[in-house]
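J.: One letter stands for each residue in the lines below.
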Amino acid sequence: MRIFKFFFFFLFSGIYCANARTIQVCKSCEISNLETAVELAQDGDVIRIQKGTYNINNLEINKKIRLIGEDFPILDAGFKDDGLLVTADGVEIYSIEVRNTKRGNLKDFSGIRIDGADNVIVWGVRIYNAFFGVYLSNSNNALIYGNVLVGIAPDQTSSGDGIRLWKCRNVKIIKNYVSGHRDGIYFEFAYNGEIKNNKSIKNLRYGLHFMFSDTNWFADNLFTHNGTGVAVMYSSHITMLRNGFYQNWGSASYGMLLKDIKDSRIQQNMFKMNTIALYFEGSSRVKVDSNSFMENGWALKLLSSCSQDSFLTNNFIANTFDVSTNGTLFLNYFHENYWEKYTGYDINKDKIGDVPHRPVSMYSMMVENMPFVIFFMRSFIVDLMNKAEQNIPSITPENVLDSAPRMHAFKYNASSS
Amino acid sequence: MKKHLKLTLLSLLVSCTTGPVPIKYGKDNCELCKMTIMDNKFGSEIITDKGKVMKFDSDECMRDYYNKEKPKLGSVLVTDFNKPGTLIDGKTAYYIHSDKMKSPMGGNLGAFASKKDADEASKRFPGDIWTWEKLISQ
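Chains F and U are the protein sequences, given in the same order.
If you read the first sequence in my numbering, its first letter stands for residue 2, the second for the next number, and so on.
If you read the second sequence in my numbering, its first letter stands for residue 669, the second for the next number, and so on.
Be careful, since some hints might not be right.
Simulated pairs of lysine-lysine, DSS-like, Cα-Cα distance not exceeding 25 angstroms [said to hold, decoys possible]: (1) U:Lys695 to F:Lys200; (2) F:Lys168 to U:Lys702; (3) U:Lys702 to F:Lys203; (4) U:Lys751 to F:Lys103; (5) U:Lys709 to F:Lys108.
It is worth saying that the hints were derived from the structure and are not from the lab.
Construct the entire structure; sequences and hints are all you get.
T.: Put into structure tokens, the structure is as follows:
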């Protein structure tokens, strides 16, 4: 009886395999356009697209199929509408190139739009000159892996995001390259996401943007030359590990901007050459440890609306201003950081300075209140005032201090540069 | 001499007017949420009685700022959803609150110049239509 069952199992699995057909699409094939191929396909089929250029116009994939390109066939949306629209669960898209979606205010035209479909995989795909690149809405458990998204936004207002999530859960975004879009990666109402090893470069607004998206994790990403850096807003339980934030210059540019963030962790990141490396507003219970802040205008701007944030074992090296704040109320905690500007001594040789360090200088308080005094930067009178203030503090908030400053810099492996 | 005085007085008058200031999309930052104002369907503006201009990326940010700070209003301006980039009087505008309206800060709000426009748009964005008084009471 058991053998009989075994036999039946093979019999039916054989039938199933035979049913999963492969549909070839090429210019000289029997099927030469994608619409027909998708229409003919059934759940479980594979559509193989040979090299060439195919016109598509909001092509809906409403069956569980695999769409596989041979050597990047070009799917041209011809500036008419969306490129592909995925509405079925478990669709896989691999090795194709989508181009030229429509732009405009009517709707969020996208290269690949995934709407209400779970377990979708998009990998090894190139998307050029799309308004939005990959747009996921109401879709869970997607994997977006190893794609290249390059937007050619004519100006800042008529550009969309590279990878956009709206009301999604458990989405993994790994090893993508995003450039020339409005926001590189944008999470809105997206939970339990994982963003790893991506490069987000030269986007017009933010390299990465979170809005109302709790419990997300992003690590080992590189964010450089973005309009205003990375923004993490109105979210809680965000883990930020080993990312690199470089070269975000501008009057209101940030390495990372935190606004109303709770219970999060920022660890082992590298902030180098940003106007404001890390900006904190209305954030509490954030642990910032083992990061390096190098050659920034402001390493840390910590507004007095923040509380219970702790800054431990970070490096502050060659920044114009290490810490600045906007009031005298200060409810945060610094401990065992390395401050290049520290001028104390270490008599008992325990590698920890014997006098506390006050990272907020008088001059940085003045600049905060009167931006135009930046004119006197590095002048003798500023040095003199800072020295006097250091010895007899009167304007700087007294409780902003690191009671155990390190004498030597920590050596962290900087993330990809 | 008299001519100079007149000119000076005139320039003083000009600099004190509280007219609308165009929003520089992609450059200006929202007063409340600090984001760069990008979407020209949703930008809005508060001008105080003394002429201080505050710009916002969305109607919800403008409303939240208004309710939080209670500024003395000179005027309030919102973007006409049908004419991106055009500012209209926020007090006489009609606001659609609809899940389909994806405004920048998740407030689901869009402004329209007239009741007719709002009614027309509510076919595409089903939801409530609010006046200014209703908006700030939310």
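J.: Take the hints in turn and mark each one as holding or not.
T.: Outcome of the hint check:
A distance of roughly 24 angstroms separates the Cα atoms of Lys695 (chain U) and Lys200 (chain F); the hinted pair therefore holds under the 25 angstroms criterion. A C-alpha spacing of about 23 angstroms is found between Lys168 (chain F) and Lys702 (chain U), which places the hinted pair at or below 25 angstroms, so the restraint holds. Straight-line distance between C-alpha atoms of Lys702 (chain U) and Lys203 (chain F) comes to about 20 angstroms, which keeps the hinted pair within the 25 angstroms bound. Of the pairs offered as hints, the one joining Lys751 (chain U) and Lys103 (chain F) holds, with about 19 angstroms between alpha carbons and a cut-off of 25 angstroms not exceeded.
Among the hinted pairs, Lys709 (chain U) with Lys108 (chain F) is consistent with the structure: their alpha-carbon atoms are about 12 angstroms apart, no more than 25 angstroms.
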